[in-house]
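Participant: If you want the building blocks of each chain, they are given just below.
Number of protein chains: 2
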Amino acid sequence: MNLADRLMDAIDRKGTPALVGLDPRYESLPAELRPDDHPSNAVAAKAIGIFCRRIIDVVAPLVPAVKPNIAFFEAFGWEGCRAFTEVASYAKEQGLIVVADVKRGDIGSTAAAYAKSLFQAMDVDAVTLSPWLGSDSLAPFFEYAGEGRGFFLLVKTSNPSSADIQDRELAGGTVFGHVAGLVNDWGADHVGDRGFSSVGAVVGATFPEQAAMLRRAMPKTPFLLPGYGAQGGKADSLRNAFGEGGYGAIVNSSRGIIFAYQKDQGEGGWEDAVHRATLAMRADLAGAVPDAGWNQG
Amino acid sequence: MNLADRLMDAIDRKGTPALVGLDPRYESLPAELRPDDHPSNAVAAKAIGIFCRRIIDVVAPLVPAVKPNIAFFEAFGWEGCRAFTEVASYAKEQGLIVVADVKRGDIGSTAAAYAKSLFQAMDVDAVTLSPWLGSDSLAPFFEYAGEGRGFFLLVKTSNPSSADIQDRELAGGTVFGHVAGLVNDWGADHVGDRGFSSVGAVVGATFPEQAAMLRRAMPKTPFLLPGYGAQGGKADSLRNAFGEGGYGAIVNSSRGIIFAYQKDQGEGGWEDAVHRATLAMRADLAGAVPDAGWNQG
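Residue numbers (this note's numbering), protein chains in the order written: chain A, 89 to 385; chain B, 89 to 385.
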């Protein structure tokens, strides 16, 4: 089944396009999960694995997907890689779609090795990829698009210095606008029954005007919107990124949800803070796209 | 000690800028190291680890550095990540500089986690990075540049579809030319005693005219030249990429050396073929840059 179809069905089932980013900075873990300020890789990897599984327990009924960022796992060496694989597997068991945030990008034969790593050894549903090396760096990933997997290309990222290269002016527009055209073409053969492609785009929630332009340039491309919450993106400004029927975008929040306990001193433990933050994000998005198909429950 | 200085000293000591790429495709391993056609991740990871250590034994006296590509390790999950770490550590014990080919690129806090992964957990000397997300994606790596580490940015890659984005025309030149200007500026504060920076550039050996232009645009930037050998790059065409005194470039060959046994049916085992291929590459490069400082032995 086409990844975009799976994603939209999950959005309908959960009633929200919210995506929880798993960026388990060890030093930000709740104290009860942090046995040591200077842990070995093995100790730290175990702790972030437990933390992520407990986040998943809280958010699995509330959101369609999670986005573990592999960098925070690789920070603890191969033990961290093992924890990543276990977390991805646990999230799938709980019925979540797993978008591995890995931002890989390499040439043909190496790209094939990355695709094998991610879609076989780690067995995730979708990945983020850099477009910098062009189409032949994506070819091995297309082979998996027919098997219900997908990927999101970094078209316009959420960070300030995305302007360094992505915003440069070509004769007919910006570099990221050119990349958007490529992504639209690359995804054309992979559109599912619900009108979106399994080739998606990462579009920073921090640049709302650009999101509207990119929605027009890539009408059938699902967007992954990072930068909501901690990076300053507001739900209202995301409206432009949604496509027909309020579909075609998933909105990520990482720190704002998983480390909600740092700002929310309300009742219960840190998992209650995660629960409240997820409900708040759901309500925020529902308010921003009131007529969306997933928002009629 | 500045990474570029360390690299140049090693080039002088070994008398060549040749770099051996460790891309251990399991299916290409010599039969004696390949116990099974459908190995578990653990079995495959062990086999590629042994293969790489034996390559290192052969090439350590002949070249200054190796470039393990992490994708071929990650293809076998966390067991592959563990093998990568062990191979990197073994290469350093044998006196080689380790350039980890990882092509990472992510925003600030995630970039910091990658830098920790690579320079602490895996403890490599240098890494390859994508410039796509701009300067703030590099900030955490600069912190390590003062500690003798360095990185090579993907300015113009060796694959055909590098043209998709990198070759696009801006008002005053190409996108990769613009990136070259950024890399030159980013590296300016990290120039060592021997005149080169610890911020390097990946420049495909498959595009010699562009290499000459890029050498002018980045006079103090060390180049990592992939694409020599198996991808069709010729030593003669690399001459333009070298800077003052024949320094400032290292030339990578992966398949052409590590799987030399597939084409070389000469005397001895597969390690003898690796040895002959490395000597042939050294001679080829020496012929291409006859007046280089490292070539006067």
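There's no promise every hint is true.
Below, computed lysine-lysine pairings styled on DSSO-like, alpha-carbon distance capped at 27 Å [unchecked claim]:
1. B/K204 to A/K134
2. A/K134 to B/K134
3. A/K322 to A/K351
4. B/K351 to B/K322
5. B/K322 to B/K308
6. A/K204 to B/K308
7. A/K134 to A/K308
8. A/K180 to A/K134
9. A/K134 to A/K322
10. B/K204 to A/K204
11. B/K134 to B/K351
12. B/K204 to B/K134
With the Cβ distance kept under 10 Å, some of the chain B side facing chain A (calculated, not the full set) [stated by the list, open to error]:
13. D111
14. V131
15. I158
16. G165
17. R170
18. D194
19. E231
20. E235
21. D252
22. E257
23. L258
24. P314
25. Q319
26. G320
27. A323
28. R327
From chain A, some residues computed to sit far from chain B (all C-beta separations above 12 Å) [said to hold, decoys possible]:
29. P248
30. L258
31. D281
Calculated from the structure, these hints are not laboratory results.
None of these values were measured; they are calculated from a predicted model.
Backbone N, C-alpha and C define an ideal beta-carbon position, used for all residues, glycine too.
Participant: Each hint: holds or not?
Facilitator: Evaluation of the provided hints:
Among the hinted pairs, B/K204 with A/K134 is consistent with the structure: their alpha-carbon atoms are about 18 Å apart, no more than 27 Å. The hinted pair formed by A/K134 and B/K134 meets the criterion: a straight-line CA distance of about 23 Å does not exceed 27 Å. Restraint check: the Cα-Cα separation between A/K322 and A/K351 comes to about 18 Å, which is no more than 27 Å; the hinted pair holds. At roughly 18 Å between alpha-carbon atoms, B/K351 and B/K322 fall within 27 Å of each other, so this suggested pair holds.
A distance of roughly 23 Å separates the Cα atoms of B/K322 and B/K308; the hinted pair therefore holds under the 27 Å criterion. Restraint check: the Cα-Cα separation between A/K204 and B/K308 comes to about 38 Å, which exceeds 27 Å; the hinted pair is violated. Restraint check for A/K134 and A/K308: the C-alpha separation of about 40 Å exceeds 27 Å, so the hint is violated. At roughly 19 Å between alpha-carbon atoms, A/K180 and A/K134 fall within 27 Å of each other, so this suggested pair holds.
About 34 Å separates the Cα atoms of A/K134 and A/K322, which puts this hinted pair outside 27 Å; it is violated. Distance restraint check for B/K204 and A/K204: the Cα-Cα separation of roughly 25 Å lies within the 27 Å cut-off, and the hinted pair is therefore satisfied. Between B/K134 and B/K351, the direct Cα distance comes to roughly 25 Å. Compliance with the 27 Å bound is thereby established for this hinted pair. This hinted pair checks out: B/K204 and B/K134 have alpha carbons roughly 25 Å apart, not beyond 27 Å.
About 7 Å separates the beta-carbon of B/D111 from the nearest beta-carbon of chain A, less than 10 Å, and the hint is met. Among the interface hints, the one on B/V131 is violated; its C-beta lies about 13 Å from the nearest C-beta in chain A, farther than the 10 Å criterion. With a least beta-carbon distance of about 9 Å to chain A, the hint placing B/I158 at the interface is held under the 10 Å criterion. Hint status for B/G165: holds, given a least beta-carbon distance of 4 Å to chain A, under 10 Å.
With 10 Å as the threshold, the beta carbon of B/R170 comes within range of chain A, its nearest partner Cβ sitting at about 4 Å, so the hint holds. Below 10 Å, beta-carbon pairs count as interface contacts, and B/D194 has one with chain A at about 5 Å; its hint therefore holds. Proximity of B/E231 to chain A is violated relative to the hint, the smallest CB-CB distance being about 15 Å (cut-off 10 Å). The closest approach between the C-beta of B/E235 and any C-beta of chain A is roughly 17 Å, which is over the 10 Å cut-off, so the hint fails.
For the restraint placing B/D252 at the interface with chain A, the shortest Cβ-Cβ distance is roughly 3 Å, inside the 10 Å limit, so the hint holds. With a least beta-carbon distance of about 6 Å to chain A, the hint placing B/E257 at the interface is held under the 10 Å criterion. The closest approach between the C-beta of B/L258 and any C-beta of chain A is roughly 5 Å, which is under the 10 Å cut-off, so the hint is satisfied. With its C-beta approaching chain A no nearer than about 8 Å, B/P314 sits inside the 10 Å limit, and its interface hint holds.
At about 9 Å, the closest approach between the beta carbon of B/Q319 and any beta carbon in chain A falls short of 10 Å, and the interface hint on this residue holds. Because the smallest distance between the Cβ of B/G320 and any Cβ of chain A comes to about 13 Å, over 10 Å, the interface hint for this residue is violated. With its C-beta approaching chain A no nearer than about 21 Å, B/A323 sits outside the 10 Å limit, and its interface hint is violated. A least Cβ separation of about 24 Å between B/R327 and chain A goes past the 10 Å threshold, and the interface hint is therefore violated.
Not every beta carbon of chain B lies more than 12 Å from that of A/P248, the smallest distance being close to 6 Å; the non-interface claim is violated. At roughly 5 Å, the least C-beta separation between A/L258 and chain B is not larger than 12 Å, which violates its mark as non-interface. Taking the minimum C-beta to C-beta distance to chain B, about 29 Å, the non-interface status of A/D281 holds against the 12 Å cut.
Of the numbered hints listed earlier, those contradicted by the structure are 6, 7, 9, 14, 19, 20, 26, 27, 28, 29 and 30.
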